[in-house]
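Novice: Quick note, the sequences are listed as chains A and B, same order.
Whatever position you read off the first sequence (first residue = 1), add 604 for my numbering.
Whatever position you read off the second sequence (first residue = 1), add 604 for my numbering.
The hints are simulated quantities; they were obtained by calculation from the structure and are not laboratory data.
All values derive from a computational prediction rather than experimental measurement.
Hints are not guaranteed to be accurate.
No distinction is drawn between identical chains; accordingly, a pair holds when it is met within one copy or between any pair of copies.
[As the list claims (entries may be wrong)] Straight-line distance between alpha carbons at most 16 Å, and here's what the computed EDC-like set of lysine to aspartate or glutamate pairs gives:
id: 1; residue 1: Lys782; residue 2: Asp793
id: 2; residue 1: Lys1021; residue 2: Glu615
id: 3; residue 1: Lys801; residue 2: Glu1030
id: 4; residue 1: Lys919; residue 2: Glu957
id: 5; residue 1: Lys934; residue 2: Glu957
id: 6; residue 1: Lys883; residue 2: Asp791
Protein chains: 2
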Amino acid sequence: MNTKSVSELLEQDVTLQQVSVKGWVRTFRANRFIALNDGSTINNIQCVVDFENFDEALLKRITTGAAIHIEGELVESQGKGQNVEIVVSSIEVLGDSDPETYPIQPKKHTFEFLRENAHLRTRTNTFSAVMRIKSTLSFAVHKYFTENGFYNMHTPMITGSDAEGAGEMFRITTLDAKNPPLDENGDVDFKQDFFGKEANLTVSGQLEAETYAMSLGKVYTFGPTFRAENSNTSRHLAEFWMIEPEVAFMDLAGNMDLAEDFIKSVISYVLEHNQEDLKFLDERLFNEEKSKPQTERSEMRLIEKLKFVTDNNFKRVSYTEAIDILRNSKPNKKKKFKYLINEWGADLQSEHERFLVEKHFKCPVILFDYPANIKAFYMRLNDDEKTVRAMDVLFPGIGEIIGGSQREERLDVLKQKMAALDIPEEELWWYLDLRKYGTAVHSGFGLGFERLVMFATGMSNIRDVIPYPRTPQNAEF
Amino acid sequence: MNTKSVSELLEQDVTLQQVSVKGWVRTFRANRFIALNDGSTINNIQCVVDFENFDEALLKRITTGAAIHIEGELVESQGKGQNVEIVVSSIEVLGDSDPETYPIQPKKHTFEFLRENAHLRTRTNTFSAVMRIKSTLSFAVHKYFTENGFYNMHTPMITGSDAEGAGEMFRITTLDAKNPPLDENGDVDFKQDFFGKEANLTVSGQLEAETYAMSLGKVYTFGPTFRAENSNTSRHLAEFWMIEPEVAFMDLAGNMDLAEDFIKSVISYVLEHNQEDLKFLDERLFNEEKSKPQTERSEMRLIEKLKFVTDNNFKRVSYTEAIDILRNSKPNKKKKFKYLINEWGADLQSEHERFLVEKHFKCPVILFDYPANIKAFYMRLNDDEKTVRAMDVLFPGIGEIIGGSQREERLDVLKQKMAALDIPEEELWWYLDLRKYGTAVHSGFGLGFERLVMFATGMSNIRDVIPYPRTPQNAEF
C-alpha cells in the first residue's frame, strides 16, 4: 500500500479505503485518539485506536514525539474539527520518544525555550507554520522575478573588497590563528592567506549585481549576507538572507513601482497558498495580545494587515516633506521623541519611521530623495546637489523593510564621491568600468528576507523566523 | 512611448508600429546596421540607420559596448536572420564606449581573457547564454521541489561545529589578526571572538536539513557551501552552491528515484525554456571540438546529450558489481588506469567513474552500497556490516554530480561510528536527539549546482559557470 502524506489524506473525498501514513505523534488521548502530524500541513490526522485489539505494551509507546506507521481505513469522521479520520488496523512504532525527557510536550512553551531546542521547534504548530510560510515566500520571490523577465544570479559570499561600506565585516582565513605569518613590516602577511589577500564575508551583492544588470538587463540575487555588528536586538542577525534586484535603464520612480509591486505580489501569493497556516498564526497573535493593555495591541489582525498591504497604495513622500511632518508632529513638539527633529539633514530613527507609518499615514510609506551625506556613495546625486535618489520602504511594526536607490551612472561624479570618502579607485576598478563602457541609468534595492517573513507571520523576534539564528555569542547547531 | 525589451520586440507580430528600445551596441556595420542587445535574449535586434539623416559626430559614438536609446518603426526585415527590424528615427547615446580601450570587442576572446574581465563577460553571447540557462535551472530546482511537497529552508553558512567532515573549512573571525587575545594557556581565546567560540563556514547543510526533515517531512536547501581546499582544477571552487533535499521515511531506493526524477525534470525544463541559448551553445561546442582529434570529441552534441539524460533510465549498479566490472576491464588489465583496481574496498577515482559511465554503460550511472570505511559516519550501515546505503550519481564528462545516502537512524550504531572517528557527542547533541525522539528512516543527497550548470551548458571549466569564481589566490571582483 502506498504511504500518503497527512495533507493528501485530509483532502481525500473517497472514504472507506485502506490507507498507510507515517508521522509523529502530537497527542494520544484516552488511549484511543492519536493526533498524527508529518509536517505536510498544520492539521493532524486523527487515528482512532480500538485499544482492546492492541497490545498494552505497544500502546504505551504511543507518546508525544514518537514516529509511527499507521495502517487502517479512512472514514468520515464522527468528531468535529476534521472531515476524515483513520480507523487503525495496525500500528508500528518506528522511533520511540521518552516522555520523561522529550522537550516538546503538548503544552505552551516559551519561544526562548524553543530557541534552545531549535532542532525540534518545527515540531510545534507555530514554528512549522512559520517555516512553511517562509518556504512559500521564497518560492514567490523566484516566481515573481522569473515571470517578470529577471535572471537570478549568484553574487559571491567571499569578497576581497572592503569598500561596500554597508557594515562591519567578518574576516575569513585559513592562516594560523595564534601565529600568523608576518611580512617584512611585521604585519600579518595576507599574501599567504587562502585568497592571497585579506578576504571578508559580503554585506551585499549589489555592486556585483550591477555588473550583470549592465549586460543582462534585469537581474536579482537572493542569498546570505553578513554583518559583524554587536547588535543584540530582535531585528538583527549576523547572517541573514537578502533579495536584491537590479535593473538597467530604470530610474527611481521605476524602482518604487517595482518594490511596491513585488511586495504586494509575494504577500498575495502567501495569502492564497498558506491560508491554514496564516489562520493559525492570526489566532495565535490575537490571543497573545489579549494579555496586553489595549494601547499596545495591534490595530489590525495579521491577515487583515497583509490584505491591507496588498489592497492599498504605498504613500510616496520625499524626505523633505517627511521632515516637515515630523518637525510639526505632536511627539516632536512635546519632546516625546528620543531624537528631536530640528532641521533638514537629520538622519531618521526607527521612532520617526514608525510615527510616519503607524500614526501619520497609517499605511506603508516610501521615503525618497534623502540628503546625500547620510546615504551611500553609489547613490545618484540629484540636480540640487544636496539629495540623492534613495528610497526606503517603511512597514508598520517592522520599520525599514527595503532600502534602494538609483545608482550614480556618471563616472566623474562617482569618482568624486569615492575620493571624498577615501575609497581607492583600484578597489573598485571593475565597478568604475561600468561607467566607462556603455553606462546608463540603473536602479535596484535590497530587502531583508527575514523581515518580510516577520511581517507575513506576525513573529516579533527575527531569531524565530530563521532555522538557526547567528547572533553575537551564538552559533549553536 | 513605452520602452520594450529586445525579446518582446522580436516576438511582435504587429509591425509598422513606433517602438522604443534601450540596449548595448554589439556591432555597427556599414554605418547602417546596429545590432542591439539588452540581455533579454541571445538575439540582437537590427536597427537600420539612414546615415544621411544623422549627425556624423553622433554616428561615430555608435561603438561596440555603447548604451543607446533607439526610437523608430518596427518593420518586417528585408535581410535574413530576423523577422523584424527597426527603421531608426532617433538615436540617443546614453553611455559611450571607447573602442580603443573597451575590452569586449566583436571578435573571439579566450575564456581566460574573459575571466579577467568577468564583470563584462556576460556582454558576450556565450556567457549571457550560460547565465540565462543557469537562472532557468535555478528556478526549475525551486519549482520541482515546491510542486513535490518540499519546503525550502535556509541552513546556516556560519557553523560552530567542525564535525561535518566533508572537507577543509574556512575560519571566520573578528579577532585582531596580528595580536589575537590569548587565554591562560597561551592559546587563542576564541571565547572573545564574535560567536564566543571558533566558527567556520559550512561545508554542507545536510545535518541541519535532517532536523527539519524530521518535523516537516520533505525539505531542501539551496545555498552556498565552502571548501578551503587548495585544489586548482577545472571542477573545484572554494565557494559553490549546493542543492540538498532531505526526506523523512524515505529509504535509499526512494533516494535514487528522487535523484533521477529531479535531474530529468530540471534538464527537461531547460530544454523547453532555453532553446535559443542551448542552440547557440550546442553550435559553439561543436565548432570548438572541430579542432580536436576525432577521439577527443564528444560522442554526442550538447542538446542530444541533454535529451539522452531525460529519455533514458539511469543504470543502478552496486559498488560490488562495479568493482567486478572494473577489475576485469581492459584499462585495468592493460594497466592503463593510474590507480589499478585489485580488490574490493578500493576507493573509486575519477578515471574509474568515467570508464563506467562513458565506456562501459554509456549512460548516467547510480552506484550504491559502498564500503563503510570510505564513506561518512552518518550513512546507514547495511546488515552485512561492511557496506553503507550510500549512492553516487555519475554523469558523462562530469563524473560525480550527486552524492547521497540513507542516514543512520539508530542511536546506538550512530554513537559507535562517531566514537570510532573521535567525533565528540557534545558537538552533535542535537543531531543525536533526532535519533532519541521519534527517529525514522530518512535519506537525502547533495548536488553541486555549478556541476549541473556545466553539464547543461557544455562549459568545461567551473570558473565559467559562476559570476565571480573563488579559488586559491583569487577573490577578485
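Novice: Within, between, both or neither: how does the pair lysine 801, glutamate 1030 come out at a Cα-Cα threshold of 16 Å?
Specialist: within (14 Å within a copy, 35 Å between copies)
Novice: At 16 Å max between alpha carbons, let me know whether lysine 919 reaches glutamate 957 within a copy, between copies, both or neither.
Specialist: within (13 Å within a copy, 60 Å between copies)
Novice: Could you place lysine 934 and glutamate 957 in one of the four classes (within, between, both, neither) given a Cα distance threshold of 16 Å?
Specialist: Within one copy only: 14 Å inside a chain, 74 Å across chains, cut-off 16 Å.
Novice: For lysine 1021 vs glutamate 615, is the C-alpha pair at or below 16 Å within one copy, between two copies, both, or neither?
Specialist: Neither way: lysine 1021 and glutamate 615 sit 60 Å apart in one copy and 42 Å across, limit 16 Å.
Novice: Since the copies are identical, ignore which copy is meant and state whether lysine 883 and aspartate 791 lie within 16 Å (CA to CA) inside a copy, between copies, both or neither.
Specialist: Close neither inside one copy (59 Å) nor across copies (53 Å); limit 16 Å.
Novice: Have a look at lysine 782 and aspartate 793 and pick one of within, between, both or neither, based on CA distance no larger than 16 Å.
Specialist: For lysine 782 and aspartate 793, both the intra-copy (14 Å) and inter-copy (9 Å) Cα distances are at most 16 Å.
The structure fails to meet hints 2, 6 from the earlier list, while all remaining hints are met.
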